[in-house]
Each structure stands twice: as structure tokens, then as C-alpha cells.
Amino acid sequence: MKAKLGMSPIAWWNDDLAELSDDVSLEECLRQSRSAGFTGMEMGRRFPNDPDVMLPILREADVTLCGGWFSGTLVDEDLAKNKDRIQPMIDLFKAVNAPCIVYGEVGRSIQGDRSRPLATKPKLGDEEMKAYARKVTEFGEWCAQQGMPLSYHHHMAAVVETEPELDAFMKYSGEGIPLLLDAGHLAFAGGDVLRAIDNHHRRINHVHVKDVRMPVIDGLDRSRQSFLDAVALGAFTVPGDGSLDFGAIVQKFADYGYEGWFVVEAEQDPKKNPPLKMAQVGYKELMRVMSAAGYTVETQGFPKG
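The opening position of the sequence shown corresponds to residue 11 in our numbering, with each subsequent residue numbered one higher.
If you're looking for bench data, these hints aren't it; they were derived computationally from the structure.
Take the hints with a grain of salt, since some may be wrong.
Simulated restraints, written as ranges between beta carbons of each label pair [said to hold, decoys possible]:
#1 Glu29 to Thr306: 33 to 43 Å
#2 Gly304 to Asp123: 15 to 25 Å
#3 Pro174 to Arg234: 41 to 51 Å
Listed below are the simulated BS3-like cross-link pairs for lysine-lysine, each with C-alpha atoms no more than 25 Å apart in a straight line [unchecked claim]:
#4 Lys145 to Lys181
#5 Lys93 to Lys140
#6 Lys294 to Lys282
#7 Lys181 to Lys262
#8 Lys12 to Lys93
Just so it is clear, the structure is predicted and the values come from calculations on it, not from any experiment.
By construction, the Cβ of each residue, glycine as well, lies at the ideal position given by its N, Cα and C atoms.
Working from the sequences, and respecting the hints, build out all of it.
Spelled out as C-alpha cells, the structure:
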């Protein structure tokens, strides 16, 4: 079985908390990640939106674009508005041969609002969830028809956060919307990562190997502290530096024959946790558990020729 290892630039520059950002260029971010061993990078705010500009940068760094976040609003807004907003991203991602676009629901979400405590996260009733899941499925089918599959990202402080919410979303949605399984977000939400893989492995097409520091999470006052407060306190980290057993998690993916990207997305303070060092820690741990699970990790970055 083959696997690819990527990173998210959120370790270098945080899109929601500017103070948790290193003053490094896109080129330096890519250089550091590649030097640690990663062959892919998800898109961040310092990436160009023109493929003619992006491709030479990726080629020089010897990495590929392995995904990127789209802020969806389907819980509140119609399909047409979201289609209009995602179309340029579809065109870009096709031009640089990215594997998928990550759909993150930001409608009603409190993930970017530091004044909103975790306990005030939005909730959908059963009928609302059913209608929402069907709408996202239709959107996913349309994106795939345009030549770019989506990957749905369950997320802290959003309408699909907890394991029961994820189960309901998956029950009511269809094959047209694949799933991004994020170990860190599910663990933060109190879910069982291994059980979620058991339940939903047929739909998983992208994986975020985000680790968590459970002592930080367990110490939160969810009636007063926000998602961004948790990030600033160090709730997330890379595999090998946190509380999750990635040996068991990666083995579970291997058991179901998952092949594709495993992306380290670990937002934290780069001054306290230097991104290059964290990338090296994460890569070492992932290579250990990937080898134990029988994966061959692909080493080619940007396609030659």
C-alpha cells in the first residue's frame, strides 16, 4: 500500500490568529517542510491564486499541492453562491493537479470567533442535519462533475463537530461527498477515532493526522474559553508530540486499504514550537508507524519531466 505525507502551512502562519504566525515566506515554508521529508503542502493564505505563478514555486520546492480549505456556507446559503465562490478554486486546483478541495463549513460556526465559548457551538436538529447533508452531497457531486472532488472536514466549533454529529451527517449524506477524517478534531470533540474509521472508512478520501495535547483540552473551561483560546494554549500538535496513538490509527487505515494523503495539520505558536522542528518530529513518527502498518511512503515530490 502506498501513502503520501503532506503538511499544512498553518504551522507557519495561522489564518485565524495572526499572532501565531512566523514571518517566513511561502518559499521558506515549503523548503522547511520538504527538508523534513514531506512531499506535499496544502494551500494557505500566502499561496498565489494563479497556476502559472504557483507551479514554478512548487517545482522549485519539489512539492505538490495536496489540498486546501474552502470556507463553505451551505448550512445558510444556497448552492449557487457556493458554486460561484468555489469555481476559481476548482480551476486552480485542476491546473496544479491537486487531489481534492477540503470543504469546511463556516456557516454559523464559531471557530474563528475568540469571543464565543466552545459551549455555544451551533447545533442542527435532525431534520436540519438531513437537509444540510443532502445539500452538501449535491454540492460535492457538482464539484466532482467539474473535475475536482471535495473532502468534507468535520471541525471543532462547527455544525458537524462531535462523533454523533458526524455519524448523522454521514447517514444522511451520500457517496457524492467524501470524508476527510481529522484525528485531532474528533479527539478534541470527545470522539473515538478508531470507531469513526470503522464506521466511515468507505467514504474517507483524505486524512489529517493532527495530534492533541489532552491535558490542555481537559483543562479548558468550555463555558468561557473559545476554540481559538484552545489553539493558543497548545491544544494541537504533530504526531509523536501529543496524546494520540498514531500507530493504532494508521494501522486502522491500513486494515481498510486506505491509500493516499496523510497531512499533518498542527496549528500552534511557531515561537514556542518551531515549525521545522515540529515537522521533523511529525515526519519521524509517521514514518515509524507507516512502516509498521505496511505502507510504502512515496518520496517523489513535484513530478519530473
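So which of those numbered hints doesn't the model satisfy?
The structure conflicts with hints 2, 3 and 8, although it agrees with all the remaining ones.
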